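From first to last, the protein sequence lines stand for chains A and B. Under the numbering used here, the final residue of the first sequence carries the number 255; numbering is consecutive throughout. Under the numbering used here, the final residue of the second sequence carries the number 255; numbering is consecutive throughout.
To be clear, the hints were calculated from the coordinates, so they are not data collected in a lab. Note that the coordinates shown come from a computational prediction; the quantities given were computed from them, not determined experimentally. Heads up, the beta-carbon is just placed ideally off N, CA and C, and yes, glycines get one too. One or more of the hints may lead you astray.
Stated by the list, open to error - Where chain A lies over chain B, by a calculated footprint (3+ residues, C-beta under 8 Å): (1) 32-42; (2) 78-90; (3) 116-128; (4) 164-173.
What the hints assert, rightly or not - One side of the interface only, derived from the structure: several residues of chain B facing chain A at Cβ under 10 Å: (5) Lys28; (6) Asn65; (7) Gly207; (8) Asp209; (9) Val255.
Claimed, not checked - Below, a list of computed lysine-lysine pairs in the DSSO-like style, where the Cα atoms sit at most 30 Å apart: (10) B/Lys236 with A/Lys135; (11) B/Lys126 with A/Lys233; (12) B/Lys135 with A/Lys236.
Protein chains: 2
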Amino acid sequence: MAKADIFSKVPELNYSEPAIETDFDAFKAVVNSRRSIRVYDATPIPESVMRECLDLALLAPNSSNLQTWEFFWVRSPEKKAELVRLCLSQPAARTAQELVVAVARPDFWKINRERMLEVLTQNGEKGAGYQYYNKVVILAYSLGFLNLMGFFKRLFVYFRGLTQVTPRIPTSSTELETWAQKSTALACQNLMLALRAAGYDSCPMEGMDGVRVRKLLGLPNAAKVCMVISAGKRGKNGVYGPRIRFDNSHFIHEV
Amino acid sequence: MAKADIFSKVPELNYSEPAIETDFDAFKAVVNSRRSIRVYDATPIPESVMRECLDLALLAPNSSNLQTWEFFWVRSPEKKAELVRLCLSQPAARTAQELVVAVARPDFWKINRERMLEVLTQNGEKGAGYQYYNKVVILAYSLGFLNLMGFFKRLFVYFRGLTQVTPRIPTSSTELETWAQKSTALACQNLMLALRAAGYDSCPMEGMDGVRVRKLLGLPNAAKVCMVISAGKRGKNGVYGPRIRFDNSHFIHEV
Chain A
1 MAKADIFSKV
11 PELNYSEPAI
21 ETDFDAFKAV
31 VNSRRSIRVY
41 DATPIPESVM
51 RECLDLALLA
61 PNSSNLQTWE
71 FFWVRSPEKK
81 AELVRLCLSQ
91 PAARTAQELV
101 VAVARPDFWK
111 INRERMLEVL
121 TQNGEKGAGY
131 QYYNKVVILA
141 YSLGFLNLMG
151 FFKRLFVYFR
161 GLTQVTPRIP
171 TSSTELETWA
181 QKSTALACQN
191 LMLALRAAGY
201 DSCPMEGMDG
211 VRVRKLLGLP
221 NAAKVCMVIS
231 AGKRGKNGVY
241 GPRIRFDNSH
251 FIHEV
Chain B
1 MAKADIFSKV
11 PELNYSEPAI
21 ETDFDAFKAV
31 VNSRRSIRVY
41 DATPIPESVM
51 RECLDLALLA
61 PNSSNLQTWE
71 FFWVRSPEKK
81 AELVRLCLSQ
91 PAARTAQELV
101 VAVARPDFWK
111 INRERMLEVL
121 TQNGEKGAGY
131 QYYNKVVILA
141 YSLGFLNLMG
151 FFKRLFVYFR
161 GLTQVTPRIP
171 TSSTELETWA
181 QKSTALACQN
191 LMLALRAAGY
201 DSCPMEGMDG
211 VRVRKLLGLP
221 NAAKVCMVIS
231 AGKRGKNGVY
241 GPRIRFDNSH
251 FIHEV
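Excised from the complex, chain A in its bound form:
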């Protein structure tokens, strides 16, 4: 089956999952009341709520379902104190009840490709979906030894792209990182909205030492810290001011 068919043909399925009823106003209340909180009060977050919100993070869509993410809920007092220091001791970290490190794992495409093949084999799927993970995923995300394959992919994508519609697959480790970071950020937004929906608040922090955070967690170089998310209930002076968004016409265009 040609590569294009995998994307363009609708498979014959014996599955349906009807859309359930949802409450738009309830959702809007969550989005509208989510503010980045810089100071938290002393209210703890129940363990069960943290676990539920983390589980909801993993339901975000992600590229090719390769789940290139990891979430470290830093609970030990020593590690937590060190993590606060690595977040420059900013109030959003040092007053937080809980701290979660979101990590992009570009390298996870390999193991999760294998896991996908296992699941698809169990389901008796041998068609386009199986072929996608068996072949296309390797071509799309491999970089090879010393990025050699990435280099040839870059040439291939460039020249093919001159005349044909060509997906711009990752051709370097930084492009592969960007790819994984995007999926991780989608999950981060689920996590922050979930915390708000459960009655708590959060703050995403990029003002931190990602290299030291990675070492604190004992992670390999391939792991890239996406952001540190603090959580708790908003305290006095926790919101620094009314939300500032510039006119939507700068950002939303109907063309």
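Since the structure of chain A is already known, use the hints to place chain B on it.
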């Protein structure tokens, strides 16, 4: 005021924004029922719903509030047909009622820094917040002519980082892109959840020709397509199967 103080000191504020009541179950229903939809039915999405969901996207948190994102709702039949082709004519694109291109704009940090300074000046803010945008933002996000400043920042960050906690600010155009892509992805997740909450469905697509999409929209090289999001109501065979997520223990760690 030293840079560290900007991060670590809590300003004296005359502002409060209490957390409003939220409905966790309603939120969970939105997250649980959001599936990537590959085939849509013929139900149109009202314009007002699209606009409201796009507005909700912009309420996502984003790095230093520099709003490095843009959303193109592609409505003209010619552009839409071409966009479908650039998405490899995959069913998620060609059966979609609406298509939105999410674009990361790393270059927007400059104009939005100026907009932030304007707003802060109007608010009479001359303290740490103003200084952050006046000085720190330039140091953090400038790359300079031919990336010269980026190069010196890389050296500085590396050597400073050997002995001190050092935020790993962007030091190359690809790092700046990753930084902008993360914020854009946070907004994308808001958009997809908003569509689901409003009774509609979506699919994020990265299997597309981002270079040609950028040209279709008349965007400069600095603009980087994050993903194309299709929207509509799920049709027959629209969900390709039960959601596959590997065991959470692979991704969530309590440390």
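Outcome of the hint check:
{"no.": "1", "hint": "32-42", "in the structure": "holds (count 7)"}
{"no.": "2", "hint": "78-90", "in the structure": "holds (count 6)"}
{"no.": "3", "hint": "116-128", "in the structure": "holds (count 3)"}
{"no.": "4", "hint": "164-173", "in the structure": "holds (count 5)"}
{"no.": "5", "hint": "Lys28", "in the structure": "holds (7 Å)"}
{"no.": "6", "hint": "Asn65", "in the structure": "holds (6 Å)"}
{"no.": "7", "hint": "Gly207", "in the structure": "holds (5 Å)"}
{"no.": "8", "hint": "Asp209", "in the structure": "holds (5 Å)"}
{"no.": "9", "hint": "Val255", "in the structure": "holds (5 Å)"}
{"no.": "10", "hint": "B/Lys236 with A/Lys135", "in the structure": "holds (28 Å)"}
{"no.": "11", "hint": "B/Lys126 with A/Lys233", "in the structure": "holds (28 Å)"}
{"no.": "12", "hint": "B/Lys135 with A/Lys236", "in the structure": "holds (28 Å)"}
The structure fails none of the hints (numbered hints given earlier).
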